[in-house]
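Enquirer: Using the sequences provided together with the hints, build the complete structure.
Spelled out from the first residue to the last, the chains are:
2 protein chains.
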Amino acid sequence: MSHISPEFVPVFGDCIRMVREVLLTNDAQPFLISGSGTLGWDQVAANVIEPGENALVLNTGYFGLETYGANVTQLTAPIGGTVPLPTLTAALQQKKYKLLTFTHVDTSTGVLSPAAQIAQTVRAVSPDTLVVVDAVCSVASEEIRFDEWGLDVVLTASQKGLGTPPGLSVLVASQRAVKAWQRRTVREGSYYASWKKWLPIMKAYEAGQPAYFATPPVNLIYAFHASLLQITARADPSLPSLTQRLAAHRATSQKIKAAARALGLKQVPLQESEAANGMTALYFPEGVKAADLLPRLGKRGVVVAGGLLGSIKDTYFRIGHMGVTAVDEARGDVDKIIKALEDSLEEIKKEKGGK
Amino acid sequence: MSHISPEFVPVFGDCIRMVREVLLTNDAQPFLISGSGTLGWDQVAANVIEPGENALVLNTGYFGLETYGANVTQLTAPIGGTVPLPTLTAALQQKKYKLLTFTHVDTSTGVLSPAAQIAQTVRAVSPDTLVVVDAVCSVASEEIRFDEWGLDVVLTASQKGLGTPPGLSVLVASQRAVKAWQRRTVREGSYYASWKKWLPIMKAYEAGQPAYFATPPVNLIYAFHASLLQITARADPSLPSLTQRLAAHRATSQKIKAAARALGLKQVPLQESEAANGMTALYFPEGVKAADLLPRLGKRGVVVAGGLLGSIKDTYFRIGHMGVTAVDEARGDVDKIIKALEDSLEEIKKEKGGK
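Chains as they are written, first to last, in the working numbering: chain A, 1 to 355; chain B, 1 to 355.
None of these hints come from the bench; they were simulated from the model. Accuracy of the hints is not assured; some may be wrong.
Incomplete in silico selection of chain A near chain B, CB under 8 Å [unchecked claim]:
#, residue
1, Gln159
2, Arg187
3, Ser190
4, Leu220
5, Ala291
Where is the CB? At the ideal position from N, CA and C, for every residue including glycine.
Expert: The following block contains the structure:
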């Protein structure tokens, strides 16, 4: 299928419109570009901020900003926690920042940042600072109210909550962010990630016209279209709505976290309200290691991930429960996960007791 | 399928090895990155050349070099022709160039540049200048002898001669190009396209280990693997070898060009030896327009493209005949194209005559 074929053009246009629907925005500008989620950072760094301008980074996640010349100030949080809002307020009062960025769900710890409050704080203290959200691990599994919260950039990828194979950088920019880009005095620092190249393409496809800068990943756009039809419930009115989907993620998350609590397992996030709804990060019980638990879960058909965060890497594991696992109850994934966890821990206990 | 799954890792590694096979190189370094062919230019511009260094461009095609700070000198050729080798020699003698770049097959005109001779000229006159080939429209349809010709970068995409859906930037760098990158004094100008990030990933996957910088397009890598198995004839020893594939492209091309000549159609390339083997660009006969011919071909099941080059855009059309059309004779594509061309022109003649 050609990328300028009359059959393909409206499919691309629909994807752009449905991405707006998923993020609850009326007029923000989606950019769908062949690449991984990381390419979204090149877009931000090369378009939204100019060399020498200041960026405030909460915790981690500022891939590429320095490559393109931004001055980065980092505020760190305790492991499992987020940067306190008063600390953020103080930082914003001290210096003028072109943008602030934070990771909505930190995939390494399962910490959920209070996106609405962070955005609200920025708007109150430093209204011109752009709010850039790394939402790779949160779009379609956590609530994101783009317009209502006043976000400026949400960047993500096709393969997590959006349920499509990897290969598509999905970025949504507010009109305020687009205007900031239009006002730049220094040329965009990237060629492939330049909005000067891509904005006319996105506008053309949305208007039902093909346009060319670089070949879009046609087949992947079709797959993305299929996912979005499901997520927005356009495919079939009997499908859960986006609101219902997010509620299903919360319910699933609570069920798994409650079961973990009953088993005496401690979560990595320090506060229940800051725990992601699409994943659960749990410390191993004392004396138990990854090599004890993970293969036992695997034997029971449950694949979980090890720890990722440097200093506590070997002390915890991560369960993913986004997308179908949360939404399609008939699969019975949640009960299977809980049962596998219970049985594996019981088995370990018996063996250790027997030694 | 996860990008760190033990099943996926060797598939990625095989792709890297088979790309070397397709380009006839022993030790050049392939980079397979989620993105379009254009991303290859960001790789070249941000890694191989440094700000302030000189680039010599034959004709067109230097996407992004200036964005990353290179000084570009352009040598133009007449429409349908290439830059004469003495002109190239003179330019190389006048100034020191970090790299020279040319488009192997110009998709807008079907002109095939004499890649071997250009590379030979550079090696003779300015041995340190790196030879960068935009081979988007030529890999697997034109002969490319990477090592023998002494090329430094060949960049292409998955969706043309390589026969895979779009979404993969495919770039191969000589060890000389890799060393030039290692010697840079200015940091790479791109984050997503930085070889500092990607080289360890490519090396890890080739060695059978997963590694992470940005998520690779897993499903597309599987598709690419399937294409490469066919192109390298690894899938089935009864498949045509790469040599036979290229011969089939030449034979197909000659057949179509001979038929066009018999119909009195003039090619856009000025010299037969500089006409691409994967496509044919033909001027319309006098008095015939795109609107006369293209729909008539379409009715007969043959989709061709209009002209692309600004000044002669409306005076010619382009027939693609790469991949299965050239290799799989049983499809009968070539005869169908020729018959459609003959019948359409005959029909136009009758109608015009009847008016």
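Enquirer: Next step is simple, just say for each hint if it's right about the structure.
Expert: Taking the hints in turn, this is what the structure says about them:
no., hint, result
1, Gln159, "holds, 6 Å"
2, Arg187, "holds, 7 Å"
3, Ser190, "holds, 6 Å"
4, Leu220, "holds, 6 Å"
5, Ala291, "violated, 17 Å"
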